[in-house]
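Protein chains: 2
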Amino acid sequence: MSADGSRFDPLVVVELTSDTKEEAISWLLSRIRDTQQNGGRPIQLEQLGPGVSAQEKENPNLFLVGATRQRLLSGAEDLGLFKEFHDGSMRGFTCANKHNFKDFQDGDSFLSMAECQYIIKHELDTLRARDETHVPGHQQVKLYPGKSIIRRLLSKGILIQVFPLHQKEELKRLSFSWYQKVKLSFQPLDDIRHYYGEGQALYFGFLEYFTFALVPMALIGVPYYLFDWEDYDKYVLLAAFNLVWCTVILELWKRCSASLAYRWGTLSRKKAFEEPRPGFHGVLGFNPVTGREEPLYPNTKRQLRVYLVSLPFVLLCLYLSLYIMMIYFLMEGWVLSVHDEEPTFWTGILCFIPSVIYAVVIEVMNLIYRYAAEFLTEWENHRLESSYQNHLVLKVLVFNFFNCFASLFYIAFVMHDMVMLRQSLATLLITSQILNQFMEAFLPFWLQRRRNKKMIRKVQIRKTLEDKELPLADQVRLEADMSTYLGTFDDYLELFLLFGYVSLFSCVYPLAAVLVVLNNITEVYSDAFKMCRVFKRPFSDPAANIGVWQLAFEAMSVIAVVTNCSLIGMSPQVKAYFPESDMQLILWTVAVEHGLLAFKFILTFLIPDVPKHIQINLSRLEFESLEALKKKVKPGRFNQSEGLEAS
Amino acid sequence: MSADGSRFDPLVVVELTSDTKEEAISWLLSRIRDTQQNGGRPIQLEQLGPGVSAQEKENPNLFLVGATRQRLLSGAEDLGLFKEFHDGSMRGFTCANKHNFKDFQDGDSFLSMAECQYIIKHELDTLRARDETHVPGHQQVKLYPGKSIIRRLLSKGILIQVFPLHQKEELKRLSFSWYQKVKLSFQPLDDIRHYYGEGQALYFGFLEYFTFALVPMALIGVPYYLFDWEDYDKYVLLAAFNLVWCTVILELWKRCSASLAYRWGTLSRKKAFEEPRPGFHGVLGFNPVTGREEPLYPNTKRQLRVYLVSLPFVLLCLYLSLYIMMIYFLMEGWVLSVHDEEPTFWTGILCFIPSVIYAVVIEVMNLIYRYAAEFLTEWENHRLESSYQNHLVLKVLVFNFFNCFASLFYIAFVMHDMVMLRQSLATLLITSQILNQFMEAFLPFWLQRRRNKKMIRKVQIRKTLEDKELPLADQVRLEADMSTYLGTFDDYLELFLLFGYVSLFSCVYPLAAVLVVLNNITEVYSDAFKMCRVFKRPFSDPAANIGVWQLAFEAMSVIAVVTNCSLIGMSPQVKAYFPESDMQLILWTVAVEHGLLAFKFILTFLIPDVPKHIQINLSRLEFESLEALKKKVKPGRFNQSEGLEAS
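Going line by line, the protein sequences match chains C and X.
Here the first sequence is numbered in this note's numbering, starting from 51 and rising by one per residue.
Here the second sequence is numbered in this note's numbering, starting from 51 and rising by one per residue.
One chain only, chain C, in its complex shape (with noise of 0.2 Å):
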């Protein structure tokens, strides 16, 4: 089928507008076919036949984008995978030494078919322009050296996706031990990794953990609920526990993920070695620690940028949030007061409004200020796609945190009143999960469903006449119509504030931790079944850890110790302990609270992030690489190119 005979399997799609220029495609074509400059393993590429649909106007300019399996191996090496050794350690993968690798035998399957579209995508990615001024054949879109082409073509417009093929047969195999067997097991962890890469696998590991985790708390609040304990002891003794409980679950978590991250091959890789992302632009120069040639931009021009910009914008913005509440409450005082004066039916009626305005208001702004926070974080430049991301998720979770929780505060420590806040949690809570199971879920999978539905009545046309499975070619188009996944963003977004909703107020609504589970095991349905049949599939990220999450966890729980002592320091039955004075109940409840902090942070740092096997596997690791660097009489300066003769 390719150019050189050879078999080719497509892996991932490229989709430019109809519109585009003839001399443009076969411009990126031929810089696409010719990667590496020294010629030899080019990237194959193919583009896209009609669909047997093809009588109807349908975009023409689909191309299936595959490689040879040498150009995908050194590709691998180029990147720097970890694949396991034979002596069951994780290394490195290099072609030289290929044989050494455990399941290496042809190499056919070898390297997942994620793992091969997620060096296609790095190849793309990195298909930087030279001496082109503009794309041609489209004088306005500019190009300079080192700018990524495939980047400057996406934001134009001229590119429209490029996402990577699903494997049907494996993707059926692995829904149905993931979301359709009915038995009670574990997630397929492994085979999940497998398909979606490593950044999936350890969300849905994640998302797993925390249930389970949250299940101890669950079954302790439920007596408290059913039997409406409120006497203040017992409910010192749910608040401590939840309290030690998300300290150590948060640590074990990291355990947890350091060993998943070591068994995929993902621990090891070093961020200060990835390449840039393709959005990154600068002075092309040398980057001083691996000698490549790419854009240059200096650390302190960004700095300024983030300090001087983004953070009083992202001030400005908690600012007016909680301004936007205050005005709430106001408006809701003044509606109540209205009500009770002269209640009619309109006054009831009245009495909605405000919230209801809220509400809009706070998702319009949430809206906006997404959009702000991904314009901001692309325009401070940041070198690596990972510290992009972290700043990202830092401005968006800053943000959501006040706009769920601030309220929540202003009822229990404003207000002090404890019968409105349980009232609240639960509606916040049941809403949002609702709320979030209609939306994630069930409105995708129905448009979706809408739309395959009409190509498939499309297809069923000429299936009838030939007997035929759904060819290729309206596979790709079916899975090109599919909606994009964004990540896994939101869905830990969310788990963050169901996090918070349990632990920050834990003690005033024990319940909270069952709603929470329940959700979570929803939650690992849909997302399972959207993560299957709704979206195009993803391309793998190597995650090695749940990133700045992690660190967002860590500090709501260390504010869940403020949060519960204060409750609990404010609760009746704890004042009658101190009849005589409030300042010693102040002070014991600051006190308490200060040995809390104390404790976790003694707790977090006498537990150790890594299992010691994989810290001995690591050291050892390190221990040989210095070895043979002590080796090497004359250590010069690999270059890609040599690394690439070897193999």
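Among these hints, one or two may not hold up.
[Unchecked claim] Here are some of the chain X residues that sit facing chain C, going by a computed Cβ distance under 8 Å:
1. G142
2. V612
3. D632
4. M633
5. V640
6. K662
7. I666
8. S669
9. L676
10. A678
Keep in mind the hints are simulated off the structure, nothing from the lab.
Cβ atoms here follow ideal geometry from the backbone N, Cα and C, with glycine treated the same way.
Since the structure of chain C is already known, use the hints to place chain X on it.
Just chain X, lined up with the frame of chain C:
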């Protein structure tokens, strides 16, 4: 002079008791000379001849230890010493690669004498028993495979001491540039490192840094003292400045220390590759990281010892210390009441008795506790010297913190007596400074001077006859009689407690910083003086940072936030701002304190621990060593002998 006729430079002295059996001596000598099983470059050893004053009864069992240049170089490789490479980066030294290191030339002055002595010490320490069951001639001194021979001989009292020799000329030059020059200048840290090693140099670097860092606090504190500014708003400013300043200086010190350690090549030395400390015992096995044969001891057993024995013991001692303090305050109160009732001369004297008893009891407790802590930490059987030191420091530190500050805390937060707090603080600070200076520098110097005079007088008799410089034999005996330097432990502890006086109650006694700065200036000189003139030369210690002390200082600065906020909250001026409710006041204080703590943590997080250019150098080294590992087609474990043969 030595057996093979090559030039013999004595580096280290080994002193055995005079009643050691002949066969034990010859066994030990042959074992030392034959450290490398496959022959090759042995360590050189020579018995010290009688001194000029040989007529008196003196110990004949003094041995000088040296080694050939070749032996030292391969020792440097085994130890993984980092030296400057020709491209300016720091790399682990290897014999095969030696000519690529800067300043190698003929290799004579490549290793400093301190490094050579460290290598010899390491060789002696790792001299392990093979199949001997006891030391020949000393049936009672049992040995078992893998046990460090030198350690066993030391603990059984057969070996009196092992110490490195001074270099008269270099010492003279160092002491001149260090403390004898009158002109104000920085300490010659590189020279100190060259002569005493990294641990010492980092201590003096920290002392200097700490002194300079306190100068702003001292300058700001002076007007408060002089003009009796006691307005709360001014005090709040002072305290706020102090809190932020403490955080900033501690963070910047990390960067400073990383720069020094990088320059000295200790930053990248890996803990996991360190040899086990000499006192470490266990079943002989293979290290899972390096593959070398060494004793192994299960981690769980050690942790059981730490948590089930050491921790309860420390807590018990702390409780005891608090208990004794309470008794002291009771006695003090009782005595004062007796004195107030009927003041006579005798009751006046009686007033001093509780303080005297308390001071004596505290000193005795400190001594006993110190021995117990050393015993316990030894018994915990830590594999690495650094981990042993950390556990020991932590134990002693916590106890000393309680002893020094518990009474101040009691006065401040239970008795609420600010005048008494200020008085106690001043008294404690000034007396401890005077005592320290006296005990640390003057007393040992005076004792040493008396000893030296006796020795020199003896020598003088013959010197006048032969008109020669002090011969080697007498010089060695003179040094053998000098006091042993016990490490930087007590010096750091003193700095730590001084830091406590400055930071914990800084808003009550602003002059503290001034006193500490003055103390530190004299401390530099007295410490330098005692290092050069009073003590035996210590073995160098390749430290990368100040270790657990960094943590200790940071913990102190966190505690300082709490104490300062409480002190300000308790001040009558602040109380006047909240006339109607104490509760409001406390809540505000707590809120401000939490804000400051959060700010501290964010600051710690934002300031990178290692300067950018060093980070780049480190990751380049790591990148290159990973690349080198990739090149190795058949990676195998390199054992030690292979490494030696290659040289």
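Cross-check of the supplied hints:
Below 8 Å, beta-carbon pairs count as interface contacts, and G142/X has one with chain C at about 6 Å; its hint therefore holds. Taken as an interface hint, V612/X checks out: its beta carbon lies about 7 Å from the nearest beta carbon of chain C, inside 8 Å. Evaluation of the D632/X hint against chain C yields a held restraint, the C-beta minimum of about 5 Å falling below 8 Å. Annotation: interface hint on M633/X holds; nearest CB of chain C at approximately 5 Å, less than 8 Å.
Given the 8 Å rule on beta carbons, the hint for V640/X holds: about 5 Å separates it from the nearest Cβ of chain C. Taken as an interface hint, K662/X checks out: its beta carbon lies about 7 Å from the nearest beta carbon of chain C, inside 8 Å. At about 5 Å, the closest approach between the beta carbon of I666/X and any beta carbon in chain C falls short of 8 Å, and the interface hint on this residue holds. For the restraint placing S669/X at the interface with chain C, the shortest Cβ-Cβ distance is roughly 4 Å, inside the 8 Å limit, so the hint holds.
Look at L676/X: its Cβ gets to within about 5 Å of chain C, closer than 8 Å, so that hint holds up. Because the beta carbon of A678/X sits about 4 Å from the nearest beta carbon in chain C, less than 8 Å, this interface hint is met.
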